[in-house]
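A.B. asks: Model the full structure from these sequences, guided by the hints.
There are 2 protein chains.
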Amino acid sequence: MPLPESSHYIPHLAYDSVVFGFSKGKLKILVMEYHDTGLFALPGGFVRKNENLDDAVKRGLFERTGLKEIYLEQVHLFGDINRFDPAIMKRILEANGYSVPENYWMLDRFFSIAYYALIDWEKVTLKPDTLSDSIGWYEIDQLPDLIFDHKEIVNKALLTLRENLDKKLIGGNLLPEKFTMNELQSVYEAILGQKIRRTSFQRKMLSLDILDRHEKLFTGKSHKAPYLYSFKST
Amino acid sequence: MPLPESSHYIPHLAYDSVVFGFSKGKLKILVMEYHDTGLFALPGGFVRKNENLDDAVKRGLFERTGLKEIYLEQVHLFGDINRFDPAIMKRILEANGYSVPENYWMLDRFFSIAYYALIDWEKVTLKPDTLSDSIGWYEIDQLPDLIFDHKEIVNKALLTLRENLDKKLIGGNLLPEKFTMNELQSVYEAILGQKIRRTSFQRKMLSLDILDRHEKLFTGKSHKAPYLYSFKST
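Protein chains in written order, with full-length UniProt numbering: chain A, 1 to 234; chain B, 1 to 234.
Rather than coming from a laboratory, the hints here were simulated on the basis of the structure. Keep in mind the model is a prediction, meaning the values are calculated, not measured. Any given hint could be a false lead.
[To be verified] Label pairs and their computed distance ranges (CB to CB):
#1 A:N52 - B:K68: 35 to 43 Å
#2 A:S207 - B:N52: 53 to 61 Å
#3 B:T125 - A:S207: 48 to 56 Å
#4 B:G38 - A:K178: 55 to 63 Å
#5 A:D145 - B:N182: 51 to 59 Å
#6 B:I81 - A:K24: 25 to 33 Å
[Said to hold, decoys possible] DSBU-like mimics (lysine-lysine), calculated; alpha carbons at most 35 Å apart, straight line:
#7 B:K167 - A:K156
#8 A:K90 - B:K58
#9 B:K167 - A:K26
#10 B:K167 - A:K232
#11 B:K178 - A:K58
#12 A:K167 - B:K24
#13 A:K68 - B:K156
#14 A:K156 - B:K178
#15 B:K156 - A:K204
#16 A:K123 - B:K156
#17 A:K195 - B:K204
#18 B:K156 - A:K178
[To be verified] A few chain A residues facing chain B, derived, Cβ under 8 Å:
#19 P4
#20 S7
#21 N50
#22 L77
#23 I81
#24 F111
Every residue gets a Cβ at the ideal spot worked out from N, C-alpha and C, and that includes glycine.
C.D. replies: What follows is the structure, encoded as structure tokens:
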């Protein structure tokens with residue numbers, strides 16, 4: 001594959017996405033490892049000249065996760081001069097066998113618009129992109145070193161997610177369609193990084209009138225089975 | 001003055017600022033009118049190639065208001081293809097006597113990063129920029145038609161301001177250093193677009209432990225004078 005041409009993309013502008021998933025009580029994000037460099041980064045990309053910004057981000061996430069409908073929120077445009085390091089970009093391209101012309105557009109100063117995405121872990125089929133060996137889930141408190149200011153982007157995304165948690169009732173995007181109250185509480189605890197009292201959490205969630213309660217699943221010990229809930233469609 | 005050269009600025013990226021002020025019980029924003037066009041717009045500008053994004057926005061606001069220390073928050077990057085209209089930009093430049101080359105960089109597709117600013121109305125000295133006749137305060141529910149998607153930018157900024165109001169305790173940035181409880185309540189009411197009960201507002205503000213109370217100003221009817229408050233320095 002040839003090097004991407006500058007004429008197809010908006011120069012100086014990249015996007016980076018912090019893709020949150022939830023599994024086994026832990027909040028995790030997607031991280032890519034570039035070929036033969038030991039460099040880790042958030043999944044990101046560029047905006048085509050004839051493409052809306054949001055569509056570019058959705059395209060990138062679809063290519064890596066196979067998901068078309070993804071809950072997305074914009075976080076912040078990172079625009080300091082020193083956030084970008086052309087030497088790192090050059091190293092990534094060269095490790096992939098490209099010979100990089102001087103003044104190549106991907107070595108210019110880049111702004112990055114950060115998004116976070118919330119996805120149901122079970123629905124994802126991960127696929128590395130052409131420059132990377134692997135894409136995988138990492139617990140947010142056990143991330144490898146990330147290139148550029150990507151750690152700062154993760155922190156800002158997590159902060160924004162926490163601020164939005166109650167306001168936008170978005171916790172459900174990390175769960176399958178039906179879930180127990182305990183599972184929902186685990187999502188909140190993982191995002192907030194702290195334990196919540198079970199009774200007050202349950203009371204608060206029920207008072208918001210946002211959940212539908214479903215029949216219990218009958219099993220051998222059905223008297224103990226918890227109720228399943230889903231978010232009311234809006 | 002010659003047309004700004006593309007080599008000095010980041011292409012495709014503008015900023016627009018929604019500058020909130022508060023006067024006579026009303027929330028207002030700054031709007032510019034371009035020379036001989038009848039076109040109104042938010043104050044905005046471009047980012048120099050060697051300039052941090054935040055510094056570009058501060059520079060633009062300083063040039064228009066004379067203020068160096070301004071409370072600023074990023075709102076959103078607007079990136080739809082159709083948001084920008086090169087014919088309008090051309091009209092503005094031509095009305096200012098420029099002959100605009102085809103393919104001139106200011107006619108390209110533009111992303112706009114929106115900020116809101118909160119300023120103390122009393123401290124401002126307004127100054128139109130080189131392309132505009134006037135810059136003035138408009139009540140947010142009595143804005144003139146604005147170019148491009150600037151009305152949408154105002155709405156998004158106002159929404160973000162409302163969401164941030166309690167979280168970031170920023171109402172004080174719209175007031176002089178010392179203010180009465182009534183004045184603070186008026187700011188909240190103007191931002192939220194609704195009346196608040198006096199007693200519960202006062203109780204809430206005092207419970208947050210964020211205000212210093214000062215001596216009453218003694219006047220002829222000093223027994224009726226309200227207390228003055230200021231925000232505790234952080």
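A.B. asks: Quick check on A:F111 please, does its C-beta sit within 8 Å of some C-beta on chain B?
C.D. replies: It holds, given that the least Cβ distance between A:F111 and chain B is near 7 Å, below 8 Å.
A.B. asks: Can you confirm whether the C-alpha distance between A:K167 and B:K24 stays at or below 35 Å?
C.D. replies: 31 Å, holds
A.B. asks: Taking the closest Cβ pair, is A:N50 under 8 Å from chain B?
C.D. replies: 7 Å, holds
A.B. asks: Sort out whether A:K204 lies within 35 Å of B:K156, counting only the CA atoms.
C.D. replies: 29 Å, holds
A.B. asks: Can the suggested window of 55 to 63 Å be confirmed for the beta-carbon pair B:G38 and A:K178?
C.D. replies: 57 Å, holds
A.B. asks: Given a cut of 8 Å on the nearest C-beta pair, is the interface hint for A:L77 held or broken against chain B?
C.D. replies: Cβ of A:L77 sits 5 Å from chain B, so the hint holds.
A.B. asks: Please verify that hint: A:P4, Cβ, nearest Cβ of chain B, below 8 Å or not.
C.D. replies: At 17 Å from the nearest chain B Cβ, A:P4 fails the 8 Å test, so the hint is violated.
A.B. asks: Between B:K156 and A:K178, does the CA-CA distance stay at or below 35 Å?
C.D. replies: Within the cut-off at roughly 33 Å; holds.
A.B. asks: Taking the Cβ atom of B:I81 and the Cβ atom of A:K24, is their distance within the range 25 to 33 Å?
C.D. replies: 42 Å, violated
A.B. asks: With a cut-off of 8 Å, does the beta carbon of A:I81 approach a beta carbon of chain B closely enough for the hint to hold?
C.D. replies: With a closest approach of 6 Å, the A:I81 hint holds.
A.B. asks: Is it true that the CA of B:K178 sits at most 35 Å from the CA of A:K58?
C.D. replies: 48 Å, violated
A.B. asks: Is the Cα-Cα distance between A:K195 and B:K204 35 Å or less?
C.D. replies: 27 Å, holds
Hint compliance for this structure: hints 2, 6, 11, 19 and 20 are broken, all remaining hints hold.
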